[in-house]
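Chain order of the listed sequences is A and B. Be aware that the first sequence starts at 1, since it is given in the numbering used here, and climbs by one per residue. Be aware that the second sequence starts at 302, since it is given in the numbering used here, and climbs by one per residue.
These are calculated hints, taken from the structure and not from any lab test. Worth double-checking, as some hints may not be accurate.
Said to hold, decoys possible - Ranges between beta-carbon positions, derived for each pair:
hint: 1; chain 1: A; residue 1: Gly198; chain 2: B; residue 2: Asp516; range: 34 to 44 Å
hint: 2; chain 1: A; residue 1: Glu62; chain 2: B; residue 2: Ser524; range: 32 to 42 Å
hint: 3; chain 1: B; residue 1: Gln403; chain 2: A; residue 2: Asp259; range: 53 to 63 Å
hint: 4; chain 1: A; residue 1: Ser201; chain 2: B; residue 2: Ala504; range: 54 to 64 Å
hint: 5; chain 1: A; residue 1: Glu154; chain 2: B; residue 2: Pro344; range: 32 to 42 Å
hint: 6; chain 1: A; residue 1: Pro254; chain 2: B; residue 2: Val396; range: 33 to 43 Å
hint: 7; chain 1: B; residue 1: Val349; chain 2: A; residue 2: Asp273; range: 31 to 41 Å
hint: 8; chain 1: A; residue 1: Thr173; chain 2: B; residue 2: Gly387; range: 40 to 50 Å
hint: 9; chain 1: A; residue 1: Ala278; chain 2: B; residue 2: Gly351; range: 22 to 32 Å
hint: 10; chain 1: A; residue 1: Gly186; chain 2: B; residue 2: Arg473; range: 51 to 61 Å
hint: 11; chain 1: A; residue 1: Gly149; chain 2: B; residue 2: Thr512; range: 55 to 65 Å
Ideal Cβ placement from N, Cα and C applies to all residues, glycine included.
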Amino acid sequence: MRRELRTCAVLPQKPRALPGPGTLPTSSNSRLAIARVALIAPCLLAATVGCDSAQAPRVPLEVVVDAGGITAFENAEGYAITLTRFRVAFDDVEFTTGGEMHGSLLRRFGSGVGELLVPTAFAHPGHYAGGEITGEMTGRFVVDWLEDGAVLGEALLLGTTYTGANFVFTRATADDGVAADDPIIGHTMEIAGVATRGGESWTFHGFVDQEEGKRVIGLPISEEISTEQTEFRVDSSSDVTLGLQVLMVDPFEPETAFDGIDFAAADGDGDGDVELVAGETPNNLLTRQLQVHDHYRVSIR
Amino acid sequence: MKTNTILVLMTLSAPFATACAAEGEGTLETRIYGEAFVEEGIPADAFVDGWAVTFSSMLVAVDGVSADGVEDPGVYVFELTEPSGGEGHAVGTLVVPEGPQQLDYRIAPGGGESLGNAPDPDAAMMEGMGYSVFVAGTATRLSETISFAWGFDTDTAYADCEVVADVPADGRATTVMTIHADHFFYDDLESPEPNVAFDLVAAADADMDGTVTADELRAQDISAEARYQVGSRPIDNLWDFIAAQSQTLGHIDGEGHCEQ
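Whole structure, please, built from the sequences with the hints as guidance.
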């Protein structure tokens, strides 16, 4: 006979190797989870590929910022948008093998909400959820996503075929290599740019906050964005760089991360400057749309 | 000589063979329980916005109850608002090897002759409408009252639910499929610490007749809400959000989680 508020949300897309929903990783216990994963990953790989895990090569690959997905684009409201700043705080990038593509979820859930969950299964190839974690780049990162090629670190991957990646949103802190008075501290994202429509322009700026520990699961990993190529093989001869990419425009559907934002309507005082204030509709739309895995991928460079 | 060797080996191995064959079995009694939240209601202090909810009906269709490969063939429909004295409602029994158990079960649209405590007309309604879960009740806050009656056709397999009690050899243990009704009112599909909230549901009552229907929830766009986050799921209305939450109701022995 409990009366207290429970805290037991289920996360249907949680990776199998991580703790259950009741212990959904926050930034701190995520590291514990990763540590466990690091220990059991070879076993998982062995189980997956049916070979001696000791024989699986451990391949270090450099991970960099890939700004290729931040191009000028037009949102659904007809604004031509150019980003001038897009910084994001995240931690613990994981690389996964196996897992289930959305189509599998459709079959598993049957005709109910399963269909609801996967209507874009075939429009969005490569989003595998729930695979085994066999590679990782641990640490905290505050990334300027316009700084193409900036080195994030080195990921350690077991030799196998990768089908996806995950990362975890966090909030920037003064310990993340940013200035003590950097305004991103306490926030997940800082975003700024220019929006133009009908000869008028608006500059915009805002901080977007994702819940600490929110995981983005199922980033595609592939050399090219295509409906055919949804995996990438890593072995001891691999000599590539992995690029962490954010996509302002969904590559498979006519959707952008800024859809629904009407800059003219948001410019209450008509001065041409729009602050995307937390709790207001434009900020809420960005918060929601920038947590969708359709807007991220891992490129091979 | 060869015969003697075989006899010696058989003699020596007999205790081991006996030990293997003598592995004990016991009975796992399965029950289902909506807890006080369903039987008595969800009090206002559980909600962040002051609402309280009482349920006039909460029907669940359950099948595929199994442990250690032993499956209960029954298809059940339970009315969880029926008082159970804190014990939940008896579902069935499984004869399983002694030791720890993992239970699997499914909440899905049922068919045919249903067992369980639901009145026949209700069980027939669940089958006829293709519902796995039906929930009806009333939310109140001061002078405000909002009624709801929603049926879901979701199909959810709850797997590898860790049973708290080990099954003793030649004995019995009980496990309870625990249904968390407050999840219907969670305001986040991914957060480990969502709020229990009703304001947005109440706001969906577009015709202000005091009843929030499925169509009204479908018309409630959540895409610009600060709460009601959905991660990567293509969910943009409150009905689909609550339907997704309806796939998170099942637990084991209170707070225990299952895989899906």
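Q. Which of the stated hints cannot be reconciled with the structure, identified by number in ascending sequence?
A. 3, 4, 5 and 6
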